[in-house]
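Since the structure of chain U is already known, use the hints to place chain P on it.
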Amino acid sequence: MFSPPPEDGTVSGSAGIPGNRAIWVGIFAELTEFTLMFLVYFFARINHPQAFHEGPQKLSLAAGTANTVIMLTSSYFVARAVLAMRRDCSGIALRWLIAAFVTGAGYPVVKALEIRWNIGHGVVGGGDVFQMSYYYLTFNHLVHVSWGLLGLVWIMFRTGFGGYSADNHNGLVAFASYWHATDLIWLMIFPLFYVLP
Amino acid sequence: MTAAKLTLSWMLLMVLTLSGTLMGEYAQPGFWVTVSVAVITTIKGRLIIDQFMELNHASPVIRRIVRGFGLIVPALMILTYLYGQKLAAITQLPG
Chain U
824 MFSPPPEDGT
834 VSGSAGIPGN
844 RAIWVGIFAE
854 LTEFTLMFLV
864 YFFARINHPQ
874 AFHEGPQKLS
884 LAAGTANTVI
894 MLTSSYFVAR
904 AVLAMRRDCS
914 GIALRWLIAA
924 FVTGAGYPVV
934 KALEIRWNIG
944 HGVVGGGDVF
954 QMSYYYLTFN
964 HLVHVSWGLL
974 GLVWIMFRTG
984 FGGYSADNHN
994 GLVAFASYWH
1004 ATDLIWLMIF
1014 PLFYVLP
Chain P
7 MTAAKLTLSW
17 MLLMVLTLSG
27 TLMGEYAQPG
37 FWVTVSVAVI
47 TTIKGRLIID
57 QFMELNHASP
67 VIRRIVRGFG
77 LIVPALMILT
87 YLYGQKLAAI
97 TQLPG
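Residue numbers (the numbering used here), protein chains in the order written: chain U, 824 to 1020; chain P, 7 to 101.
Bound-form chain P, shown alone:
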């Protein structure tokens, strides 16, 4: 890892954060808005995991677990947008 690469990652994280803020300000609910938020969240998470934490050089066990964690929220954003009602129906307690 070099200082220049770290700084570039930080700048990219800032741009992606401000993109998210603009979406929070103006976006209406919709499939592509949800996908965009999920993609931005995934990229930001991956930058932290690979560049800041340097897990791309670490034990594959640690790397896979943390990268997997970074995918849970983005995946659930899209899944619950597409199948929210079905998931709600099957997760209700009977009676």
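So here's chain U without its partners, still in its complex pose:
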């Protein structure tokens, strides 16, 4: 069912599975969960086109853009950490991971500021169907980011205490896969709520 890993070692783990099998069970569960939520979003959108046409104008595009830049940049730093670990440079990998954490920690901060801004502008959970969808999906995503940040702390400790090497860093790659998947989901959420008129 699975192809063998490539010779150049670009994917860590067995049978071409980046990281380990367990993380991919989690990632597929995450993708399934959000696929269902996206179907709910589109069902609501086709039944309430006016609310979804006007919706993005009520949200802070700056906050949505800031969190997109944060997610992409934190993801990039984690990818650089994996590259560094492949060269057996765990000190450099740790620095990339710290950069990823500091950047990623900006996500819940921006989210908190955004929610305060929303409440001040009447965008609340009990609002119209667009606002309900927005809170439902983005809060769920925030939960996934929070788990990711906790996982990142663990990975930083493991890296700092010499838990990974160029030959064995599947835990780091597993975390990176989860973090990139969470980034990928945000890239779908961003246009749905902040961009698409």
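FYI, nobody ran anything at the bench for these hints, they're computed from the structure. A quick note: this is a predicted structure, and the numbers were derived from the prediction, not measured. In this text, a Cβ means the ideal position worked out from N, Cα and C, and glycines have one as well. Check the hints yourself; a few may be wrong.
What the hints assert, rightly or not - Selected chain P positions facing chain U (in silico; Cβ < 7 Å):
no., residue
1, Ala33
2, Pro35
3, Lys50
4, Leu82
Chain P alone, transformed into the frame defined by chain U:
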């Protein structure tokens, strides 16, 4: 994967994100606006999947599933723009 390629992908992702932001600021509803948002979303997703996650080197099962996920939202953007009313009619509960 090289550091230079990763950095180039990140820069492209930033440019595409800012393009999306400009569309969010100024664009009015329309077919080509919807297609543009869908294409930008598809490219961004593919960059994450192939460059950051390196799934172009991974098991084809994992690669196909995640690439498929990256196409669901862009496809539904266009489908619901074109056939929103028809889809709404056939997804209503009777009575």
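Status of each hint after checking the structure:
Annotation: Ala33 of chain P was flagged as interfacial toward chain U, and the flag holds, the nearest CB pair being 6 Å apart, inside 7 Å. Because the closest C-beta pair between Pro35 of chain P and chain U is about 5 Å apart, less than 7 Å, the hint holds. At its closest, the beta carbon of Lys50 of chain P sits 5 Å from a beta carbon of chain U; the interface hint therefore holds under the 7 Å criterion. A hinted interface residue such as Leu82 of chain P counts as satisfied when its beta carbon comes closer than 7 Å to some beta carbon of chain U; here the least separation is about 5 Å, so the hint holds.
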